[in-house]
Amino acid sequence: MTTPKTCPRCGTAYEPARSPHGLCLKCLIAVGMRDEGEVIVTQGAPRETAPPLDAIAPLFPELVLEEFVGQGGMGFVYRARHPELDRKVALKLLARANASDPSFVERFRREARTLARLSHPGIVTIFDSGERGGWCYLVMEYVEGANLRHLMRAAKIEPKQALSIVSQVCDALQYSHDQGIVHRDIKPENVLLDLSGRVKLADFGLARVLDRERGAFALTGSHQVMGTPHYMAPEQWEKPASVDHRADIYAVGVVFYELLTGEMPLGRFEAPSKRVQIDVRLDEIVLKSLEKQPERRYQHASDVRTDVDSVASGALPHPARAHPAGKTRAWRGPLVLASTALAWSAALVTFLAMATPHASVAELAVSLALFALITGPIAWHVAHVPAPRTAEERGAWRAAEFGFGRSFLFGLVFFVGLYITCGVLAHALGAVWYRLVPPEGGGGNFSGPFAVTQLLIGLPTLLGGWHALDLSSRSSTAWMHRRFTGFDAALTVFAASVVYLGIIAFTLRGDSFWTPWPAFVISGLALLVLVTLRIAWWPRRRAAAASA
Amino acid sequence: MSTTGPDALGFQRTRWSLVLAAGKSSDPTARAALSELCAAYWMPLYHYVRRRGHDRAAAEDLVQGFFLRLFERADFATLDAERGRFRAFLLVALKHYLADEHDKRTAEKRGGGRAPLSLDFERADSQWRLEPATDATPEKAYERAFAEELLARTLASVERDYAERGEARAFGVLVGTLTAPGALPHRALAAELGVTEGAVQVAAHRLRERWRGALRAEVAAIVDDPTEVDAELAALFAALTG
Ligand SMILES: Nc1ncnc2c1ncn2[C@@H]1O[C@H](COP(=O)(O)OP(=O)(O)OP(=O)(O)O)[C@@H](O)[C@H]1O
Ligand SMILES: [Mg+2]
Ligand SMILES: [Zn+2]
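Those protein sequence lines, which keep their order, are chains Y and S.
Here the first sequence is numbered in numbering that gives the first Met the number 0, starting from 0 and rising by one per residue.
Here the second sequence is numbered in numbering that gives the first Met the number 0, starting from 0 and rising by one per residue.
So that you can see chain Y by itself, here it is in the shape it has in the complex:
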């Protein structure tokens, strides 16, 4: 018996005498698997690493490189700023190892040419391309947001959202098909979503210009199959040379199936409605897109879109509601309202308590209650947020944080409105209270015109803030994260309330009528503690996740 060998690529120990040519059998088999890359990567083998920013920055003096965004089969993607044009761009570098392969370089160049011909809101715009320092590169529109893979990992996407995404993908595809361009690599990584949830297709890198190229210089030789395996139509495997736009429709079917069920339609798969509770009409659309023979599939992307839209507009018989995620979302509004109302009844009680003599104990108690109400949920939230670990997770995180930031702003507006409105009500209540229990030094400075002015400012601000808050949480990509639901929205409103409490505490400093100092000081301190906690929490959670 010979000595066992350890495969340098996948780390498996094997007996070379038992394997043909002494090769590692697992790696040999992996070449034939659709997701070869994934298999190898999960085996812990090193992939080619992205060049550091300062290594490539000198090559692109016109750009300010900011961050490495991701890596795919084609190369590396960086986020950069173009100070001259004052916009964010994505820089895509062709992996250097492949640059000496002439067919690869040609494929890259063609990606640039193909992309440059397309102009559609649902397609990533290309600005510049060429070759520098041995790197082929592409400068394109940077899509702030996340790709569909990020979103699918972050949360189970609801059927309604899946419909909207598929509809938009089909719209962009129909446009490119009309231009005679087949994408050929539709997959979640190439479906980008900007922060308002709009779809942008990236990487027409494998697209083939149907009319130009036939016969002339076909990069796709008859043995050479390109594309992303799981999403490839059967004919793309069998006869790659004769692929047309219907291969894209197949890929859309795969993405659709995955969006609805969270799984790939592999082997003899079940209809989506058997796996999750959705409108059965969606089965037909998905299965028709996934027909093995192109002739039996949808013939146009626009037809898929029409059918998807008709299901979407036909007021789904509340399939979403049956979904657990649907429930969470339905509770968002009431949750925000209820928690805000609670906080405000506490504030009103504080006011009433302070308006009576010897109120200091009550005042303290109510301030503490207020504090607990504001900080408790924040503490809970901090404890339950996992830290992003990979570049992909950070992508999803960024999308969520923007949603967070925007909600915070709108929450602030909402809160200002709420405060003013409640202030008027408090004034009115106070006036009634003073009538019933006249304080010693006389008092009660309630005036009618003042109240009306306050209401005129407060009510529209309140309603506007609420509306914006609601709209933003519905349209931003953040709505796709199950984590960012009613609870998060409520939280941001509370965080906003702490800030506003501070503002009020400063501006009303001299006012004996209402002094929110204690509440502000306590909640402000608590916020500080929580921020510290959060910072301290991250590395620990990361370590825990890594060792798990």
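Rather than coming from a laboratory, the hints here were simulated on the basis of the structure.
It should be emphasised that the depicted structure is a prediction, and the values quoted were computed from it without experimental measurement.
Just to be clear, a hint being listed does not mean it is correct.
[Unchecked claim] Pairs of lysine to aspartate or glutamate residues, derived as EDC-like cross-links and limited to a Cα-Cα distance of at most 16 angstroms, are as follows:
id	chain 1	residue 1	chain 2	residue 2
1	Y	Lys87	Y	Glu65
2	Y	Lys273	Y	Glu262
3	Y	Lys4	S	Glu130
4	Y	Lys238	S	Glu208
5	Y	Lys87	Y	Glu143
6	Y	Lys159	Y	Asp278
7	Y	Lys291	S	Glu130
With the hints as your guide, set chain S with the ligands onto chain Y.
For chain S with the ligands alone, coordinates are given in the frame of chain Y:
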């Protein structure tokens, strides 16, 4: 290589699907297809039987007897649950046979008929002796041997293709790039073959695509539906793990 010609739909029918479609092994084409599959994949059965504790002579008898029965009875048509995959079917059929044999205890009656396949037990036994002394279950040993057999066969067929076109040497030099793309210095390979580095890269890429195609075709031949290829590949991959 292992698929029959495309059918009217333009898709490839696999050999296993051919056997299943025929339903009865009395159909001559199906019979031919089945015996071809068995001739290719009998060795894992030998591993299984040995792992169950039989000695060499008994294992040879049992495997021979199993094939006699298989071709006599066509009892594969009744094994519904395992229909989809030849690999699973073969093992279940063997298990049924072994159970029957055990009940009947008719060891002396075996060997009466003519073996439908010529089986090289010499090779099987030397392979078996290379098997590391693990405590793997017989099933695991079978799965593993099956994956090994499939890979060895397929690689041999690719090698034959190269040899037929007078590129045997290129194959020998490049075959290592299959499992370690980029790890072998292309320059050294180029010097060895007396061609440019670019040519080596292209050739390595072509070998990779050929291997990929051949492997998928071979797996397609042992499942009843081409869409099962990936699931079967994953199963084979898993069989090689641990
Ligand atoms: N224009 C862009 N704006 C923002 N992010 C982008 C842009 N293009 C790509 N990305 C991000 O960079 C990641 C890597 O992209 P890349 O295209 O190199 O790989 P991929 O899409 O995973 O695979 P493939 O090479 O097959 O397209 C993508 O997953 C995407 O999230
Ligand atoms: Mg991409
Ligand atoms: Zn390996």
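Going down the list of hints, with the structure as the test:
no. : hint                : verdict
1   : Y:Lys87 x Y:Glu65   : holds (10 angstroms)
2   : Y:Lys273 x Y:Glu262 : holds (12 angstroms)
3   : Y:Lys4 x S:Glu130   : holds (14 angstroms)
4   : Y:Lys238 x S:Glu208 : holds (14 angstroms)
5   : Y:Lys87 x Y:Glu143  : holds (9 angstroms)
6   : Y:Lys159 x Y:Asp278 : holds (10 angstroms)
7   : Y:Lys291 x S:Glu130 : violated (42 angstroms)
Comparing the model with each numbered hint stated earlier shows that hint 7 is the single one that does not hold.
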